[in-house]
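Visitor: Each chain, letter by letter, is given below.
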Amino acid sequence: MDLGFSAAEHAFRDEARSWLAGHVPAVPLPSLETAEGFAAHREWERTLFADRWSVVTWPEEHGGRGASLVQWLLFEEEYHAAGAPGRVAQNGISLLAPTLFEHGTDEQRARVLPPMASGDVVWAQAWSEPEAGSDLASLRSTATRTPGGWLLNGQKTWSSRAAFADRAFGLFRSDPDTARPHQGLTYLMFPLDAPGVTVRPIGRLDGKPAFAELFLDDVFVPDADVIGEPGQGWRVAMSTAGNERGLTLRSPGRYTAAAERLAALWRTAPAGTDPALGGRVADALIGARAYQLFAYAQASRLAAGHSLGAEPSLNKVCWSELDLALHETALELLGPYGALSDEADEAPAHGSWAEGYTFALAGPIYAGTNEIQRDIIAERLLGLPKGRR
Amino acid sequence: MRFLRTEEQREFARALDGMLGASGVPAAARAWAAGEHKPGRALWARIARAGVFGLAVPERHAGAGLLPVELTVAFVELGRHAVPGPVVETVASAAFLDRLGEAGAAGAAAAGEWLPRIAAGDAVLSLAAGAPYALDADAADAVLVVEGDTVRRTDAHGPVQPSLDPARRLSRPLGGTVLARGPEVSAAAAHARDLARLATAAQSLGLGRALLAATVAHVKQRTQFAVPLGSFQAVKHRLADALLALELAEPLVYAAALAVAAGARSAGREVAAAKAAAGEAGYVTARTALQLHGAVGYTEELDLSLWIRKARPLRDAWGTPTECRARVLAG
Chain H
1 MDLGFSAAEH
11 AFRDEARSWL
21 AGHVPAVPLP
31 SLETAEGFAA
41 HREWERTLFA
51 DRWSVVTWPE
61 EHGGRGASLV
71 QWLLFEEEYH
81 AAGAPGRVAQ
91 NGISLLAPTL
101 FEHGTDEQRA
111 RVLPPMASGD
121 VVWAQAWSEP
131 EAGSDLASLR
141 STATRTPGGW
151 LLNGQKTWSS
161 RAAFADRAFG
171 LFRSDPDTAR
181 PHQGLTYLMF
191 PLDAPGVTVR
201 PIGRLDGKPA
211 FAELFLDDVF
221 VPDADVIGEP
231 GQGWRVAMST
241 AGNERGLTLR
251 SPGRYTAAAE
261 RLAALWRTAP
271 AGTDPALGGR
281 VADALIGARA
291 YQLFAYAQAS
301 RLAAGHSLGA
311 EPSLNKVCWS
321 ELDLALHETA
331 LELLGPYGAL
341 SDEADEAPAH
351 GSWAEGYTFA
361 LAGPIYAGTN
371 EIQRDIIAER
381 LLGLPKGRR
Chain W
1 MRFLRTEEQR
11 EFARALDGML
21 GASGVPAAAR
31 AWAAGEHKPG
41 RALWARIARA
51 GVFGLAVPER
61 HAGAGLLPVE
71 LTVAFVELGR
81 HAVPGPVVET
91 VASAAFLDRL
101 GEAGAAGAAA
111 AGEWLPRIAA
121 GDAVLSLAAG
131 APYALDADAA
141 DAVLVVEGDT
151 VRRTDAHGPV
161 QPSLDPARRL
171 SRPLGGTVLA
181 RGPEVSAAAA
191 HARDLARLAT
201 AAQSLGLGRA
211 LLAATVAHVK
221 QRTQFAVPLG
231 SFQAVKHRLA
241 DALLALELAE
251 PLVYAAALAV
261 AAGARSAGRE
271 VAAAKAAAGE
281 AGYVTARTAL
291 QLHGAVGYTE
301 ELDLSLWIRK
311 ARPLRDAWGT
321 PTECRARVLA
331 G
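Listed in order, the protein sequences are those of chains H and W.
full-length UniProt numbering puts the first residue of the first sequence at 1, with every later residue one more than the last.
full-length UniProt numbering puts the first residue of the second sequence at 1, with every later residue one more than the last.
Worth double-checking, as some hints may not be accurate.
[Unchecked claim] What follows is a set of in silico ranges between Cβ atoms, one per label pair, in the way DEER data are often shown: (1) G294(W) / A7(H): 54 to 60 Å; (2) A269(H) / Q161(W): 39 to 45 Å; (3) A194(H) / K220(W): 47 to 53 Å; (4) P270(H) / D316(W): 29 to 35 Å; (5) T369(H) / S266(W): 33 to 39 Å; (6) T144(H) / G294(W): 50 to 56 Å; (7) L302(H) / Q161(W): 48 to 54 Å; (8) E59(W) / A264(H): 40 to 46 Å; (9) S266(W) / H23(H): 28 to 34 Å; (10) V227(W) / A8(H): 51 to 57 Å; (11) A194(H) / E11(W): 56 to 62 Å; (12) E11(W) / R267(H): 26 to 32 Å; (13) H182(H) / A262(W): 47 to 53 Å; (14) D106(H) / D17(W): 32 to 38 Å.
No wet-lab data here; the hints were simulated from the structure.
Just so it is clear, CB atoms sit at the ideal spot from N, CA and C, and this is done for glycine as well.
Please put together the full structure from these sequences, using the hints given.
Guide: Below, the structure is given as structure tokens:
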């Protein structure tokens, strides 16, 4: 049992820290959920990619550094501690790329991954539909066979960043006559500017056009853009879903950095602030440290050849509740200023607590609601019987 | 970085688990609660033979050296089996006396007298530091009482006060002789408190694991409304939350042990974080266990009561969550 890092890990952390110190924009970028901010964040992805910091765990041939999971955790700690911008390329990098590494063809990897890593092509996920949120197996959008490919029809919704992104990936029903809803699904990639695609931005809870719904009307997708076997989309997608709710979507570094900022906010709180808030700040520090150590243990297990199974469901509940609790505490510490949005002239100067809070509100909802995660934890980690929901 | 227990540590845990499982701990705990210490002392001897107390005693005093990680592994198992007695106080006393012994002659004599006996399982010690009551003073061979920069040794105590966990017998230590006085006493006491916090956190973790396992087994076989309790989503979600709390507390506890082992400056803070999280996790799991066992869980007859009643005192002993949070905030 050892929490010490190797010389190579220390060197990697030091290199990341010094690169970030020299490159993180002095003035925070505008919100990536706006057209202007999206463009600025795309430029930031290019800057990261130029020095091979955009996808550190990928093989070198695809623009990465072949970094280990532990090195990635350290990079993420440094990234968030440095206050570096949010990652507009994240949906592609953390959801689509792992699927391509596992189920894609060499041709797909060579074609899709480099422009994803460089920010030249930004991906949106197109999973949800009006009648299918966490119950993804009830998808209705269809993929119909046509010479050389498939025709997509239907509607996707709540698609994060699709208002500004270039391409999307999702599941479509290619065989309507299967016995079980998980069967007969196909995993496809498609351009958001293809003929037959209509993108309608949807204002999020904070009013920003961060969502979109996609209307698909005979959108042609060539066979080359099917991932895995047609009809096997569920199995292909589940590896992605595991990544989404697990380690690689929300690294502990994000929360250790946010908890430190919260502690700094507490230390400058005006005299007379309720001491009970200090307890909540401490809980945020403890929670962030716990999640960091939990992730180290998972990385150690993976390095030792074990698999995580349903464990990422624990991560998902953990980080989503931690994120919300620490942002709620920050808003309360800010008192009357906690009600201001980040765009307000008089917004608190020490960090985008308002946007962070709004983002945190979604945590227990997306990537499979926390109710679904608790069912998975109970049934797959504790062995409880399936039952009525 | 390899943040996993070694094969040796896991084997040690399995061996302790097996030994304790075969030792009739619930009966010993019930006897202990009634003031009959004989079965508990026999259990104590077996635990000592397994090497547990030696993990808190350095080699020059016939121990295995202060090994906080292995000690943590052991105390998770003691918690899992709800072992009665001042096990935490004894290892904390060992840490206290060893540290005091390094600082001067008076301490050295006491360390030489007690440490080999602790390692061998011949001495049961209690330690009162910052609290009016000593745990199990009626069963201990001696009680160390730390007040400010003074430590007394006594074997006299007031009447045993009925307490929430009958197997934790509380009384006021009385009189005694001054063993040492000075800043080295406070320093040794702070060191002992960290070790006590760590061992108590490990006990809470083990206790929580046992309560969770018992409750999962119960809700799988108990039916209501013609289906197993465990098929209800409300039941599942409580158990999922209990598992999550324990899973997240565990790495904090082991990281704290590593920090103590390394003598890291952050050790006090890490131990406090671990104690707050593990104490709450053990208690939340006890509440869940009680709720999901229903009325049968609310009876003294069921052995589960031995675990349930211990969860709250362990959560609050050697630093309530509030005290531990304050320590974390202090940096």
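Visitor: Would you mind marking each hint as holding or not holding in the structure?
Guide: Okay, the hints, checked on the actual structure:
Roughly 56 Å separates the CB atoms of G294(W) and A7(H), a value that falls within the hinted 54 to 60 Å. Take A269(H) and Q161(W): their Cβ atoms lie about 40 Å apart, and the range 39 to 45 Å holds. Between A194(H) and K220(W) the Cβ separation comes to about 51 Å, which falls inside the hinted range of 47 to 53 Å. Take P270(H) and D316(W): their Cβ atoms lie about 31 Å apart, and the range 29 to 35 Å holds.
Range check, T369(H) to S266(W): about 36 Å between beta-carbon atoms, so the 33 to 39 Å window is met. Checked against the given bound of 50 to 56 Å, the beta carbons of T144(H) and G294(W), roughly 54 Å apart, stay inside it. The beta-carbon spacing between L302(H) and Q161(W), approximately 50 Å, falls within the hinted interval of 48 to 54 Å. Evaluation of the 40 to 46 Å hint for E59(W) and A264(H) yields a pass: the beta carbon distance comes to about 44 Å.
Roughly 30 Å separates the CB atoms of S266(W) and H23(H), a value that falls within the hinted 28 to 34 Å. At about 54 Å, the CB distance of V227(W) to A8(H) agrees with the hint of 51 to 57 Å. The hinted window of 56 to 62 Å between A194(H) and E11(W) holds, with their beta carbons roughly 59 Å apart. A C-beta distance of roughly 45 Å is found between E11(W) and R267(H), which places it outside the suggested range of 26 to 32 Å.
Distance hint for H182(H) and A262(W): a CB-CB separation of about 49 Å, consistent with the stated range 47 to 53 Å. Restraint check, D106(H) to D17(W): a C-beta distance of roughly 49 Å breaks the suggested window 32 to 38 Å.
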